[in-house]
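Listed below are the residues making up each chain.
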Amino acid sequence: MLSSLWVKGQHEQHDISGTVTYTIGDKIRPIAGAFVHWQENPSGVYADSTGHFKIEHHHEAPYLIASFASYKSDTIYVKDLTRPVVFTLKDQNELQGATVFAKKLSYSLSKLDPRTTILMDEREFQKAACCNLSESFENSPAIDASFADAVTGTKQIKMLGLDGFYTLIGQEYMPSVRTLNSYYGLSYIPSAWVDAIQITKGAGSVVNGYESIAGQINVELKKPFGKEKLVLDQFVSDGGRSETDFMYVKDINQKVATSVFGRYAYRGSNFDRNDDGFLDVPLSKDYKLMNRWQFINDVGLEGIATASYQRNIHEAGQTAFTNGDKNAYGIGIDAEVFDVSAKLGKVNKNKPYSSFGSQYNFNYSNLTSTYGSVEDNKSYEARADQAYVNLLYQSIIGNTFHQFQTGLSFLFDNTSERYDGFYFSRQEAVPGAFFEYTYKPKETFSLVGGIRTDYNSIYGLSITPRFHGKYRFNQEKTSLRMSAGMGRRTSNPLAQNQQIFASGRTLIIEMTNPNLAYGLEQEVALNSGLSFEHEFRLLFMPATIGLDYFNTTFLQEVVVDRETEGVARFYNMKNGTRAHSFQTQLDLQPARRTDIRIAYRMFDVQTKYQDLGTLAKPFISRHRAFINLTQKTRKDWQFSSTATWNGRQRIAGKFYHLMPIPHNINPIYNPYDIASPNFILWNAQISKTFKKQFEVYIGAENLLNYKQENPIQEADKPFSSNFDAGLVWGPIFGRMIYGGFRLRLKS
Amino acid sequence: MKNIILAVLMVATLGVSAKTITKQILVKGECGMCKEKIEKALDMPGVSFAEWNAETKMLTVRYNDKKVTEDKLHETISTLGYATDKMEANKDSQGKLDKCCQPKKPACASEKAGCCQKKS
Numbered sequence: 001m002l003s004s005l006w007v008k009g010q011h012e013q014h015d016i017s018g019t020v021t022y023t024i025g026d027k028i029r030p031i032a033g034a035f036v037h038w039q040e041n042p043s044g045v046y047a048d049s050t051g052h053f054k055i056e057h058h059h060e061a062p063y064l065i066a067s068f069a070s071y072k073s074d075t076i077y078v079k080d081l082t083r084p085v086v087f088t089l090k091d092q093n094e095l096q097g098a099t100v101f102a103k104k105l106s107y108s109l110s111k112l113d114p115r116t117t118i119l120m121d122e123r124e125f126q127k128a129a130c131c132n133l134s135e136s137f138e139n140s141p142a143i144d145a146s147f148a149d150a151v152t153g154t155k156q157i158k159m160l161g162l163d164g165f166y167t168l169i170g171q172e173y174m175p176s177v178r179t180l181n182s183y184y185g186l187s188y189i190p191s192a193w194v195d196a197i198q199i200t201k202g203a204g205s206v207v208n209g210y211e212s213i214a215g216q217i218n219v220e221l222k223k224p225f226g227k228e229k230l231v232l233d234q235f236v237s238d239g240g241r242s243e244t245d246f247m248y249v250k251d252i253n254q255k256v257a258t259s260v261f262g263r264y265a266y267r268g269s270n271f272d273r274n275d276d277g278f279l280d281v282p283l284s285k286d287y288k289l290m291n292r293w294q295f296i297n298d299v300g301l302e303g304i305a306t307a308s309y310q311r312n313i314h315e316a317g318q319t320a321f322t323n324g325d326k327n328a329y330g331i332g333i334d335a336e337v338f339d340v341s342a343k344l345g346k347v348n349k350n351k352p353y354s355s356f357g358s359q360y361n362f363n364y365s366n367l368t369s370t371y372g373s374v375e376d377n378k379s380y381e382a383r384a385d386q387a388y389v390n391l392l393y394q395s396i397i398g399n400t401f402h403q404f405q406t407g408l409s410f411l412f413d414n415t416s417e418r419y420d421g422f423y424f425s426r427q428e429a430v431p432g433a434f435f436e437y438t439y440k441p442k443e444t445f446s447l448v449g450g451i452r453t454d455y456n457s458i459y460g461l462s463i464t465p466r467f468h469g470k471y472r473f474n475q476e477k478t479s480l481r482m483s484a485g486m487g488r489r490t491s492n493p494l495a496q497n498q499q500i501f502a503s504g505r506t507l508i509i510e511m512t513n514p515n516l517a518y519g520l521e522q523e524v525a526l527n528s529g530l531s532f533e534h535e536f537r538l539l540f541m542p543a544t545i546g547l548d549y550f551n552t553t554f555l556q557e558v559v560v561d562r563e564t565e566g567v568a569r570f571y572n573m574k575n576g577t578r579a580h581s582f583q584t585q586l587d588l589q590p591a592r593r594t595d596i597r598i599a600y601r602m603f604d605v606q607t608k609y610q611d612l613g614t615l616a617k618p619f620i621s622r623h624r625a626f627i628n629l630t631q632k633t634r635k636d637w638q639f640s641s642t643a644t645w646n647g648r649q650r651i652a653g654k655f656y657h658l659m660p661i662p663h664n665i666n667p668i669y670n671p672y673d674i675a676s677p678n679f680i681l682w683n684a685q686i687s688k689t690f691k692k693q694f695e696v697y698i699g700a701e702n703l704l705n706y707k708q709e710n711p712i713q714e715a716d717k718p719f720s721s722n723f724d725a726g727l728v729w730g731p732i733f734g735r736m737i738y739g740g741f742r743l744r745l746k747s
Numbered sequence: 001m002k003n004i005i006l007a008v009l010m011v012a013t014l015g016v017s018a019k020t021i022t023k024q025i026l027v028k029g030e031c032g033m034c035k036e037k038i039e040k041a042l043d044m045p046g047v048s049f050a051e052w053n054a055e056t057k058m059l060t061v062r063y064n065d066k067k068v069t070e071d072k073l074h075e076t077i078s079t080l081g082y083a084t085d086k087m088e089a090n091k092d093s094q095g096k097l098d099k100c101c102q103p104k105k106p107a108c109a110s111e112k113a114g115c116c117q118k119k120s
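Sequence lines, in order, name chains A and B. Under my numbering, residues 1 to 747 are what the first sequence spells out, in order. Under my numbering, residues 1 to 120 are what the second sequence spells out, in order.
Hints may be right or wrong, so weigh each one.
[As the list claims (entries may be wrong)] Once the Cα atoms are required to be at most 35 Å apart in a straight line, the calculated DSBU-like pairs of lysine-lysine come out as:
#1 A/442 - B/66
#2 A/229 - B/96
#3 B/66 - A/72
#4 B/40 - A/285
#5 B/66 - A/440
#6 A/227 - B/40
#7 B/66 - A/691
#8 A/227 - B/28
#9 B/66 - A/227
#10 B/40 - A/346
#11 B/37 - A/223
#12 B/37 - A/229
#13 A/255 - A/440
#14 B/40 - A/223
#15 B/40 - A/111
#16 A/477 - B/57
#17 A/442 - B/96
#18 A/222 - A/574
[Unchecked claim] Beta-carbon label-pair distances, calculated as ranges:
#19 B/21 - A/399: 48 to 54 Å
#20 B/43 - A/41: 43 to 49 Å
#21 A/82 - B/64: 45 to 51 Å
Calculated directly from the structure, the hints in this document are not laboratory data. Quantities reported herein were computed from a predicted structural model and do not represent experimental measurements. All residues carry an ideal CB built from backbone N, CA and C; glycine is no exception.
Given these sequences and hints, build the entire structure.
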């Protein structure tokens, strides 16, 4: 009796105290509102604003659990009741919070995501030369990046065999790189500012909208409460190109931090290595400034606000033009973008699994471009305003096996464009509502069903369903994923196909209904896919093999038809394109610090044209193979080399003579006439890192010096209707040597 | 048949050519941070593979016995501050380890967090 009283007395004395924290880089910050409880007892206590908590000791259960919102909960075995307990939680959403237990891969398939999502961090895109996102996918077999025209020097991406504009590109899950910016937009994001990229193949989440058709790319920029305090990158190349990017973080106090970003890119040398009279890359001046503010509040409130301004001035065309000849053919592009966005989130302190989030974005873009001589030119002048609001509520139904996200969104586009006698203007307002349910009975199995309904002021009501499933088995070494979903988008025929302006083609838009945007129906497509991944050991070393297949079928499409010389036609086509994509990838580590990635992908993309019937979509390599070798040394040297073999691509306007054809197409079948040759692109880079913060690199792109012969059709007659700088399938300039440094100071 | 295997084994053991040995060594590390440290320290000439399991505390190591001896492996780990099944930890290095990484102290009670997360 006495002893039991004594034990009870001791219990009452022993409140256990401690703190709940999370780490950002090397810094530890408290988590206010984290929930702490004993394993046996679901009722518990909340940490205060300093992350501090006090909990009564529970004799039967020595395991104490701390959890908070999107952080992975942590369990600690309490041995010594007198010592404070320190929890350090990890953010499941933050890539930087990857566990110390596994070797962190710079390119890997997300294990948590029910979708086929590839995570790429900064180290991965640093293997590519430089400097912006359009150039950062050289080492990513999931994405093809190549030039779509021979003059602007901007690379365009393709995913699952479809143009980049069929991929929803988000900056921190807010729509970006769309409408007016769909052609140049990726080049507006400096890679030095990027923390990580997530690439989702196939249907994305309904939470982010209805626009993803081939997939989704999300770009996470560096945050003020991030792992770095200072970033300074300098790049130079033998093409007369240089770029400086920086970021500096200032902590105002424990709860507020701000960062400033800057970019200045310059290309000043007039060079024409292929002697066609045209500059191989434009002369350019790009600058961009950005400011971010982040705050973390005691009551679970978190927010980040960002504002940026940029101006991009490019000059291209005949070398004579840039040298001042007013009669020569020249291109001038002047783009200006102002963008503000904010994200605000609130976690319910009493129910850590439930949270409220909101996203706001406003974007103003203005583009003025001229194509031709000073006297005789066509100009494309466009302006786009975008406003976006997304309100999101996340919670559970009964228990965490049943999670849901629901919310409301509003997207507004106001665009006006003028080109060669055309004038288009549209105001498109799209309020929408979405609901996504996740059934997740365990970590290894999840099913997601999402649906959204939107009311488009031009196109009316639409319903977009999406499904995803994930199953990991075989001791979690094998995973299987499936996805199916619908996507739709309003086509921006001019803005997203700006290579057509650099040609003598006459633009024809065949309107379906004059009340619609450009008179064209929205594009609607179904996408479904399966992916398989298996992790294994090869001679003790970890290895991964992946296989995936995706199929995209357009129910309604806006076909870009450049099959007839002298004209570019846009028209609606029902059941237009069918794209099959198959990819396999093998990642090996034959020795420590050695990584090998081998990939092969096959695209079969067939498009239905109005007069010609079904043809392979032009400028897509049916076969592509890829190998990357990376060797690191103990002394922080890194040697990386990538070779890509690109199969033949059909050239627009050239096809096998099967159909009744317009008179001006050569009817004699010659396979080498209709398609590009195969070619290999080989890149290599050597870098050395000093004290984990200063890296110096030197590299070469296109070591084999492969060039497309005559990338500009009729380059000598730029004012003729057959002139075309948009028939590009290969590299325009040859070998490029570059070098630079990257400075990263940890916070 | 048995004889042949025996013969092969003998040739292998007495073989003049260097061979790769795979060994399991008990390393008395305390937490997750130790894993990185141990594996990084064993990234040395002659060692082709080293992986420490924080749960079982077993280190799997593959090495070429012409270039590195087993004793040398134990010594490296000891110098790092961890005890193995054959060698005590170097006391000086052990003292310099983060508190939570030191043996017989309550885990994760130190102010230096980030080194003691449980394996998920």
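Against the structure, the hints come out as follows:
| no. | hint | result |
| --- | --- | --- |
| 1 | A/442 - B/66 | 48 Å, violated |
| 2 | A/229 - B/96 | 28 Å, holds |
| 3 | B/66 - A/72 | 45 Å, violated |
| 4 | B/40 - A/285 | 45 Å, violated |
| 5 | B/66 - A/440 | 52 Å, violated |
| 6 | A/227 - B/40 | 22 Å, holds |
| 7 | B/66 - A/691 | 32 Å, holds |
| 8 | A/227 - B/28 | 31 Å, holds |
| 9 | B/66 - A/227 | 43 Å, violated |
| 10 | B/40 - A/346 | 40 Å, violated |
| 11 | B/37 - A/223 | 29 Å, holds |
| 12 | B/37 - A/229 | 25 Å, holds |
| 13 | A/255 - A/440 | 34 Å, holds |
| 14 | B/40 - A/223 | 30 Å, holds |
| 15 | B/40 - A/111 | 25 Å, holds |
| 16 | A/477 - B/57 | 22 Å, holds |
| 17 | A/442 - B/96 | 41 Å, violated |
| 18 | A/222 - A/574 | 42 Å, violated |
| 19 | B/21 - A/399: 48 to 54 Å | 50 Å, holds |
| 20 | B/43 - A/41: 43 to 49 Å | 45 Å, holds |
| 21 | A/82 - B/64: 45 to 51 Å | 49 Å, holds |
In this structure, the hints that do not hold are numbers 1, 3, 4, 5, 9, 10, 17 and 18, in rising order.
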